[in-house]
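Participant: Position chain C relative to chain S; hints supplied.
Protein chains in written order, with this note's numbering: chain S, 1 to 330; chain C, 1001 to 1327.
Errors might be hidden in some of the hints.
[Stated by the list, open to error] According to the in silico footprint, chain C covers these stretches of chain S (three or more CB under 8 Å from chain C): (1) 188-200; (2) 206-219; (3) 268-280.
[Said to hold, decoys possible] Listed next, with one range per pair, are the computed distances between beta-carbon atoms: (4) C:P1068 <-> S:E153: 17 to 27 Å; (5) S:K23 <-> C:G1274: 51 to 61 Å; (6) C:T1301 <-> S:H152: 28 to 38 Å; (7) S:M86 <-> C:S1027: 42 to 52 Å; (8) C:M1109 <-> S:P282: 50 to 60 Å; (9) S:K65 <-> C:V1115: 30 to 40 Å; (10) S:A24 <-> C:E1092: 29 to 39 Å; (11) S:P304 <-> C:M1109: 34 to 44 Å.
These aren't lab readings, by the way, just hints derived from the structure by calculation. Here the structure is a predicted model, which means the values were calculated and not measured. C-beta atoms are modelled at their ideal positions from N, C-alpha and C, and glycine is treated no differently.
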Amino acid sequence: MSMLLEIQHLKKSFLVPGHKGSKAAHLKAVDGVDLQIAAGETLGLVGESGCGKSTVGKLILQLLKADEGQILYRGTNLVPLSARQMRPWRRQIQMIFQDPFSSLNPRMTVGESLSEPLNIHQLCKAADRPEHIRELLHQVGLDAAAANRYPHEFSGGQRQRISIARALAVQPELIIADEPVSALDLSVQAQIINLLRDLQRHHQLSFLFIAHDLAVVEHVSDRIAVMYLGRIVEIAAADELYQRPHHPYTEALLRAIPRPDPDLAGRPAPLRGELPSPLNPPTGCTFHPRCPYATDLCHQQPPPMEEIAPGHQTRCFHHKLVGKFLKDRK
Amino acid sequence: MYAPLQKKHDGPLLQVNRLKTYFFTRSGLVKAVDDVSFDISVGETLALVGESGCGKSITSLSILRLVPAPGRVVEGSILFNGQDLLRMPPTEIRRVRGNDIAMIFQEPMTSLNPVFKIGEQIAEVLRLHRGISNLEALERAAALLEQVGISAASNRLRDYPHQLSGGQRQRVMIAMALACDPKLLIADEPTTALDVTIQAQIMELLAELAKDHQMATLLISHDLGVVAGNADRVAVMYAGRIVETGPVQTLFKNPCHPYTRGLLGCIPKPGDKGPLQTIEGQLHPQQNTAEGCPFRPRCATACEQGLTRPPQLRELSPGHFVRCWKA
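Just chain S, with the same shape it has in the complex (with noise of 0.2 Å):
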């Protein structure tokens, strides 16, 4: 399979300005990330808030500058490249992102959304830019007559449509969609995860998918990644991630899954304590002071990468114990 994106070794860190006498101090967002995608996947990257998992997509496409390690698509590398060399690569790589509220420009008609990034990069006459914009809103299940009106006069789910033929106009290959649809009802929601997968089997689209909902990521990825403190710690087809977690941290994700079955009712919280600070990481393994299985070992030195089954990776010392806790599940 080869690749059209390679992540190998990503570093983020933000700087942040101390206040009442403390010293300024690195936030390390990202932390040595190495992530794939194969043309025509789904990768699914999942944590909770403040993880680095927004900071990823963005330094993909060059919105934040990587500290270090090389972000490469198609063979090349984007992490040295100028505003204007990495124009082209804009049309490969787009992004949804998650309040379609605030990713529109109010003051422009969804017609002159759609035509800007035609205009940007040169894809069509003028004269073929209407048919063109029809034929886009058409494969959201837009009206046509959308172009003329502004973006507040649609619901969060046809704004998020809009949003998606945005992003569709410069018939990219890759595009990162980042919490696509969290801020919908979930009736709506159901509907965008299905026109994305319709779109993607359409124009064979690669996808990063990142959430915070596992049970829809598990639903639309190839695979998942799933990240804390700004490492990955666990990565492994979706269903063998779902069916065999091999990471504490998994497990208590998927756990966490409300479920809409009232016998479930009652089940302790599966996870105590909240996310540590980024600025002032655990020792050893960053997730050992929330960890159930957490030994003298977990305290002192962090657990490295181990590939565990053909493509199932996980960093835990603790692997082969992780699951007893999702004895509950049907």
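Facilitator: Here is chain C on its own, set in the frame of chain S:
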């Protein structure tokens, strides 16, 4: 100065009868809440479920008489311990708010005041409703923070909201809500803005506190997973009306309204990679001003009768009511 509602009263703690809250907007009348009735007993948790715009939050704001203009309660009664909240003078309803009935909101960052320390904000509730001294109130505040699982509570009293994480802020909101030992807690999407792992912790905390304090809860949520795990009874709302209501077991095991079934079908099932079931179309805020069944335009099993006549709630089994011609 503190006068709790002392009158002993048999029957449910809260009885909402035929509540109608309408919005008189420039573009026309919106029946946000259209003839909604339900009750909650002491210590019970009722979940109001539905999508954005279905009227669930406006229902809860109607209970506290906090409906924003141009909205207005136009009809109905809301009996709390036998007294009608809708006909109380403003001074009295202020005594009920935050005291007998407390509320927590979805977004803990916007519902806490960013320029006051959290200790002050909790103490204010106690000073206002209990009339105790500031020092005493701060001591109580520390105890409350301890109770909601914030460690080293007395040191945290001087923190500002921005110094806390989302989960901690929601814990502070819960501490404020509990300050006066309310008999009813209205929790409006209490965990929607939080991560799943923190969400599980907060729901667990709410359940424990409700049990310890014999507190009834009106849980407002769009998340059927959260509802299944935490409610005794469920009411599903659509276009300002309750379309199905029943005990949590019945509703999840034997959903009878096509909307309830549709919502349950939209949830991704582990291991199933096929296309998700959807409910076509979307909720229009003014759908219920038309004749007939408001759900008909989206209904997979739309019927003849629904075209002209709106269905009424019918009892299918004890406590299980459905508003559908075909159920």
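Participant: It remains to establish, for every hint, whether it holds in the given structure.
Facilitator: Evaluated hints:
Figure legend: the stretch 188-200 of chain S, annotated as covered by chain C; annotation consistent (7 residues with Cβ-Cβ distances under 8 Å, at least 3 required). By the rule of at least three residues with a Cβ nearer than 8 Å to a Cβ of chain C, the coverage given for the stretch 206-219 of chain S holds, with 7 such residues. Here the stretch 268-280 of chain S counts 7 residues with a CB under 8 Å from a CB of chain C, which clears the bar of 3, and the coverage holds. A beta carbon spacing of about 22 Å between P1068 (chain C) and E153 (chain S) agrees with the range 17 to 27 Å that was offered as a hint.
Judged by the Cβ atoms, the range 51 to 61 Å given for K23 (chain S) and G1274 (chain C) holds: they are separated by roughly 54 Å. For the pair T1301 (chain C) and H152 (chain S), the beta carbons lie near 34 Å from each other, so the given range of 28 to 38 Å is met. A C-beta distance of roughly 45 Å is found between M86 (chain S) and S1027 (chain C), which places it inside the suggested range of 42 to 52 Å. The given range of 50 to 60 Å is broken by M1109 (chain C) and P282 (chain S), whose C-beta atoms sit roughly 26 Å from each other.
Restraint check, K65 (chain S) to V1115 (chain C): a C-beta distance of roughly 35 Å satisfies the suggested window 30 to 40 Å. In this structure, A24 (chain S) and E1092 (chain C) break the distance hint of 29 to 39 Å, their C-beta atoms being roughly 53 Å apart. For P304 (chain S) paired with M1109 (chain C), a C-beta distance near 38 Å keeps the hint of 34 to 44 Å intact.
In this structure, the earlier hints numbered 8, 10 are contradicted, and the remaining ones agree with it.
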